[in-house]
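K.L.:
Residue numbers (my numbering), protein chains in the order written: chain A, 1 to 129; chain B, 1 to 179.
Derived from the structure by calculation, the hints contain no laboratory data. Any given hint could turn out to be false.
Derived, one-sided and incomplete: chain B residues facing chain A with beta-carbon distance under 7 angstroms [what the hints assert, rightly or not]:
id, residue
1, 24
2, 27
3, 34
4, 35
5, 50
6, 56
7, 60
8, 138
9, 142
10, 143
11, 156
12, 168
13, 169
14, 172
15, 178
Take a look, some chain A residues computed to stay more than 10 angstroms from chain B by CB distance [claimed, not checked]:
id, residue
16, 3
17, 10
18, 11
19, 14
20, 19
21, 33
22, 36
23, 75
24, 91
25, 109
26, 119
Where is the CB? At the ideal position from N, CA and C, for every residue including glycine.
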Amino acid sequence: MGMTDKEKIMLEDFFKQAAQQQIEDRGFTERVMQNLPERRVEQVRRLSRLWTIFCGVVGVAMFFLLGGWQVVQGWFLAAVRMTIGWLEIFMVTAPTTEISINPWVVLLVLVFVIIFLPYQTARRLSSAL
Amino acid sequence: MAELSDISLVTQVAVFHNKRAFDQLVRKYQSPVRRFFLNQTLGDEQLSDDLAQETFIKAYVNITKFRGMASFSTWLFRIAYNVHYDYVRSLRQTDDIDTSRAVKNSSVSSDENLKMDLYKALSLLKPDERTCITLQLIDGHQIDKIAEITGIPENTVKSHLRRGKEKMVYYLKQNGYDR
């Protein structure tokens with residue numbers, strides 16, 4: 001047997017107030033957020049970050065302990081000496097009368113290529129990242 | 001639009017692990033979820049908040065399983081229903097459910113006479129009947145959504161609704177609501 005219209009209205013009226021009830025938050029969301037467990041991805045990410053830091057620290061320590069700085073310094077000085085050597089040879093052997101190109105212009109272009117271009121590239125890369 | 005917003009928030013949580021996005025989802029749905037549990041537990045506020053918290057934590061942990069086939073709200077209510085179902089089952093294992101317990105224990109605050117009447121009326125229903133009745137008459141879900149949330153076939157939902165309504169009408173008449 002179905003319900004009469006009067007019974008339907010009575011039922012709807014009875015539940016109307018409950019349907020309109022809004023429960024205030026009163027710190028519920030904060031409590032939920034504080035109790036959220038760490039998800040697997042977050043755990044892996046945190047471990048990966050710790051591992052990177054650990055490896056970095058160990059790497060830097062090994063570098064200094066095993067005389068890595070002296071090696072780098074040696075490479076740098078050798079590179080400087082070699083560049084100066086090339087420049088000396090170039091300046092001595094470069095023809096000054098037969099061709100119209102001024103060796104100083106060549107030197108400026110070299111400086112531009114060696115210093116300015118890498119600087120610009122590094123700057124653009126860092127801004128893009 | 002609300003749906004789009006829900007999906008974008010869920011994506012933020014699932015893909016970018018954005019806890020602020022989840023905070024917004026909790027704020028948005030805390031009221032209907034807590035109200036659902038209040039009705040199932042017959043007004044036990046502490047228990048309702050505990051179960052609601054468990055629901056949101058489960059939603060957070062399993063958010064990557066949300067495929068967007070149903071709305072986020074339906075998916076969340078399904079978790080809430082399962083949390084309540086597990087709770088009822090755990091109670092059954094320890095002792096029989098005394099449905100009047102929550103009504104007696106619930107803290108009585110303002111405008112509570114009607115609320116107490118509501119919880120008394122709901123206490124006459126079996127758990128599944130109560131769930132179907134509150135999902136339809138309080139939370140405004142359609143029968144197909146109720147079936148989706150509870151995992152109960154639509155025809156069984158209809159039977160629960162019919163029986164539940166009959167009991168409610170009888171209770172209301174007994175308590176002079178028809179005058």
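K.L.:
If a hint holds in the structure, say so; if it doesn't, say that too.
P.N.:
How the hints compare with the structure:
1. Using the Cβ-Cβ criterion of 7 angstroms, the hint placing residue 24(B) at the interface with chain A is not satisfied: the shortest such distance is roughly 9 angstroms.
2. Interface restraint check for residue 27(B): the shortest CB-CB distance to chain A comes to about 5 angstroms, inside 7 angstroms, so the restraint holds.
3. Interface restraint check for residue 34(B): the shortest CB-CB distance to chain A comes to about 5 angstroms, inside 7 angstroms, so the restraint holds.
4. Residue-level restraint check for residue 35(B) holds (minimum Cβ-Cβ distance to chain A is 6 angstroms; threshold 7 angstroms).
5. With a cut of 7 angstroms, the hint placing residue 50(B) at the interface with chain A is violated, because the nearest CB-to-CB distance is about 10 angstroms.
6. A cut of 7 angstroms between beta carbons decides the hint on residue 56(B): the least distance to chain A is about 5 angstroms, and the hint holds.
7. For residue 60(B), the interface hint holds, the least distance from its beta-carbon to any beta-carbon of chain A being 5 angstroms, beneath 7 angstroms.
8. A hinted interface residue such as residue 138(B) counts as satisfied when its beta carbon comes closer than 7 angstroms to some beta carbon of chain A; here the least separation is about 5 angstroms, so the hint holds.
9. The interface hint given for residue 142(B) is broken, as the beta carbon of that residue sits about 15 angstroms from the closest beta carbon of chain A, more than 7 angstroms.
10. A distance limit of 7 angstroms between C-beta atoms decides the matter here; for residue 143(B) the minimum to chain A is near 16 angstroms, and the interface restraint is violated.
11. The beta carbon of residue 156(B) is not positioned within 7 angstroms of any beta carbon in chain A (closest approach about 19 angstroms), and the interface hint is therefore violated.
12. Using the Cβ-Cβ criterion of 7 angstroms, the hint placing residue 168(B) at the interface with chain A is satisfied: the shortest such distance is roughly 6 angstroms.
13. The beta carbon of residue 169(B) comes within 5 angstroms of a beta carbon in chain A, closer than 7 angstroms, and the hint placing it at the interface holds.
14. Using the Cβ-Cβ criterion of 7 angstroms, the hint placing residue 172(B) at the interface with chain A is satisfied: the shortest such distance is roughly 6 angstroms.
15. At about 6 angstroms, the closest approach between the beta carbon of residue 178(B) and any beta carbon in chain A falls short of 7 angstroms, and the interface hint on this residue holds.
16. Remark: the non-interface label on residue 3(A) conflicts with the geometry, its nearest Cβ contact in chain B lying 6 angstroms away (cut-off 10 angstroms).
17. Distance to chain B contradicts residue 10(A) as a non-interface residue, since its nearest Cβ pair spans about 6 angstroms, not more than 10 angstroms.
18. Separation of residue 11(A) from chain B is inadequate, the least Cβ-Cβ distance of about 6 angstroms not exceeding the 10 angstroms criterion.
19. With a cut of 10 angstroms on Cβ distances, residue 14(A) falls inside the contact zone with chain B, its closest approach being about 6 angstroms.
20. A Cβ of chain B approaches the Cβ of residue 19(A) within 10 angstroms, the least distance being about 5 angstroms, so the stated non-interface status is violated.
21. Listed as a non-interface residue, residue 33(A) fails to keep its Cβ farther than 10 angstroms from every Cβ of chain B; the least gap is roughly 6 angstroms.
22. The beta carbon of residue 36(A) is not kept farther than 10 angstroms from every beta carbon of chain B, the shortest such distance being approximately 5 angstroms.
23. For residue 75(A), the condition that its CB be more than 10 angstroms from all CB atoms of chain B holds, with the nearest at approximately 43 angstroms.
24. With a cut of 10 angstroms on Cβ distances, residue 91(A) stays outside the contact zone with chain B, its closest approach being about 58 angstroms.
25. In this structure residue 109(A) is separated from chain B by more than 10 angstroms, as the shortest Cβ-Cβ distance comes to about 48 angstroms.
26. The Cβ of residue 119(A) sits about 35 angstroms from the closest Cβ of chain B, beyond the 10 angstroms cut-off, so the non-interface label holds.
Of the numbered hints stated above, those contradicted by the structure are hints 1, 5, 9, 10, 11, 16, 17, 18, 19, 20, 21, 22, listed in ascending order.
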